[in-house]
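Peer 1: Given the coordinates of chain A, work out where chain G should sit on it, guided by the hints.
There are 2 protein chains.
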Amino acid sequence: MIIDIHGHYTTEPAPLHQFRDKQLAALADPGRKPSSTDLGISDEQLVQSVQPQLKFQTERGSDLTIFSPRASGMGHHVGNEAVNQVWSRVSNDLIHRICTLLPDNFAPVGQLPQFPGAPIEGVLPELERLQQLGFVGVNLNPDPSGGYWKSPPLTDRYWYPVYEKLVEYEMPAMIHVTGSCNPAVHFTGAHYINGDTTAFMQLLQGNLFKDFPGLRFVIPHGGGAVPFHWGRYRGIAQDMKKPLLREHLLKNVFFDTCVYHLPGIELMAKVIPVDNILFASEMVGAVKGIDPETGHYYDDTKRYVDQLKTLSDADRYKIFEGNARRVYPRLDRMLARRGKPGRKAA
Amino acid sequence: MIIDIHGHYTTEPAPLHQFRDKQLAALADPGRKPSSTDLGISDEQLVQSVQPQLKFQTERGSDLTIFSPRASGMGHHVGNEAVNQVWSRVSNDLIHRICTLLPDNFAPVGQLPQFPGAPIEGVLPELERLQQLGFVGVNLNPDPSGGYWKSPPLTDRYWYPVYEKLVEYEMPAMIHVTGSCNPAVHFTGAHYINGDTTAFMQLLQGNLFKDFPGLRFVIPHGGGAVPFHWGRYRGIAQDMKKPLLREHLLKNVFFDTCVYHLPGIELMAKVIPVDNILFASEMVGAVKGIDPETGHYYDDTKRYVDQLKTLSDADRYKIFEGNARRVYPRLDRMLARRGKPGRKAA
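So the sequence lines, in the order shown, correspond to chains A and G.
According to my numbering, the first sequence holds residues 1 to 346 in order.
According to my numbering, the second sequence holds residues 1 to 346 in order.
Here chain A stands alone, though its shape is the one from the complex (with noise of 0.2 Å):
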């Protein structure tokens, strides 16, 4: 089976975004605030709403999409955090309904409230909820204030609270920002990419993975900037005095093949260990458009990775499926109970 790591809920019914703009017009205004939490989205209003992504998976071929909310839409500088912590319920709630009305299609991964400056403790209550309902990840977000990179780095012991419950739970986390509220940095186009890129580096400034060798973090959109300066990375531990770096993170820390052209996935397969690779598209969702050089839409990755001359028939399983069930166990078993077990490894 084939399994896209990083899908998120961008086709979203019009009550959650009208939830949404009563929950944060009611920072201004008390009087707004939403009577209640039930949006009154039908099941068959969800099913409906995420026609494209099956759409998407029936034209490219495509099985198992591991689904979280709209990540721009998670919003931790906007609010505060008690609106934060209702914001992501109910966000996440609409994620597992969709899980649980389609199981084939989708598994759930979370978001978390956080809140920046707010002691990470807050988030514990909602993610012990996630995983009570069978959630296999959540999103981390490195940068709550939204572009200005206010947070310590990922490596610092604010962070080890969520880390021991996820290790605990055995969810991976994906490193990944929400918007931006900072004029200087493009949301898509520059802060996703920066917050790969910045969350790498903070892990290999650190030695975060001696204390928890069981925590794993998938990074998105290839990783950022990162097998670009490859060399860079390994060049700057080495000065650093940092072990190789296959060695010092890669046990730990996976990348996803959200980057949007032939020449760029070709890198990566150069570069990144096979096993460190996860298939993801990010459908329906940053670029949504058709390359006019290839006729395909950009974000149609499945295209890019069949295309690499260099895998084995088993490294193409590991990047389409295997790593995706070593790295979110919970995922594995759950597909095991259904009768779809993986391959025995090698």
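Since the hints were made in silico from the structure, they are not lab data.
Please note that a few of the clues may not be correct.
Copies of the same chain look alike in the list, so a pair counts if it fits in one copy or across any two.
Listed next, the in silico DSBU-like pairs over lysine-lysine satisfying Cα-Cα at most 30 Å (straight line) [to be verified]:
| # | residue 1 | residue 2 |
| --- | --- | --- |
| 1 | K165 | K288 |
| 2 | K302 | K270 |
| 3 | K302 | K241 |
| 4 | K33 | K242 |
Here the structure is a predicted model, which is why all the values come from computation and not from measurement.
Peer 2: Chain G only, in chain A's frame:
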């Protein structure tokens, strides 16, 4: 000849650092202000200080380095407007002296006395002085706040007074951040690369070169994440109804080859037109070691370009010399005056 367009003076003699210590100490204790901007550094000391660069030029086969003050040393977020004026002047004067002493090896690029939040007009006197001294370009910092991105994007009219002068003087700007004072953002491993990516995206969003068709920007470090995500940027531009990137940006925006492994340079040569690639190594710079996988210095980027099999002789000339002469017209004229004209354009 082989022109390396990106070298910083990272081997400064001790008296420069002592001056800087006194200058910054004086922020807390005015009594510690340096008594003079005469550092007492002899010509012999200056020539001695750049022996590492000369040795690398000889060993690696480059001829001329476009040379500017240490990027992380610009420290625009440190000090204040008055301090930064003096610091830029002192730093630029050393570059000027080195380039005068060793004109066959170095051509001068200057730093600007930017300060976060200060009117950009404050840099104009130093810019005029640089022009009079024969500098061929400047480094322009898109984030003088040092990792917090508090300035308006490069397309904002805030920056226009500098652009008017750069066009008038025929000086290109390398868009180069300085050090980071943000503990989440490492300087050479995240801030530099993010700076490149962010600047490119700012330019993509705007329409700056319609107002300044003669303005030229060099985005260093291979353009940050941009070539690796070239499909993403083409797709985002398309979604934004911008012209093709070639039309929209590539008449004015150029990338250097400071990418420290062969696969990165190969990718760059695949997606970025050869007219937009300028040879550079940033030596002696961000990565100082020898790559155990090749036995050569990571930043010996000439080796990577030499290994590109797809380049014609004319392409190689462009990357190593021709593009530099075109983007830095003052350099071209300076070389021509010294009896070293470039090849006539075909």
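Peer 1: Would you mind marking each hint as holding or not holding in the structure?
Peer 2: Quick rundown of the hints versus the structure:
1. K165 to K288: neither (36 Å within a copy, 39 Å between copies)
2. K302 to K270: For K302 and K270, both the intra-copy (17 Å) and inter-copy (20 Å) Cα distances are at most 30 Å.
3. K302 to K241: Cα proximity of K302 and K241: across copies only (26 Å, versus 37 Å in one copy).
4. K33 to K242: Neither. Shortest intra-copy (51 Å) and inter-copy (39 Å) distances fail the 30 Å Cα cut-off.
Comparing the model with each numbered hint stated earlier shows that hints 1, 4 do not hold.
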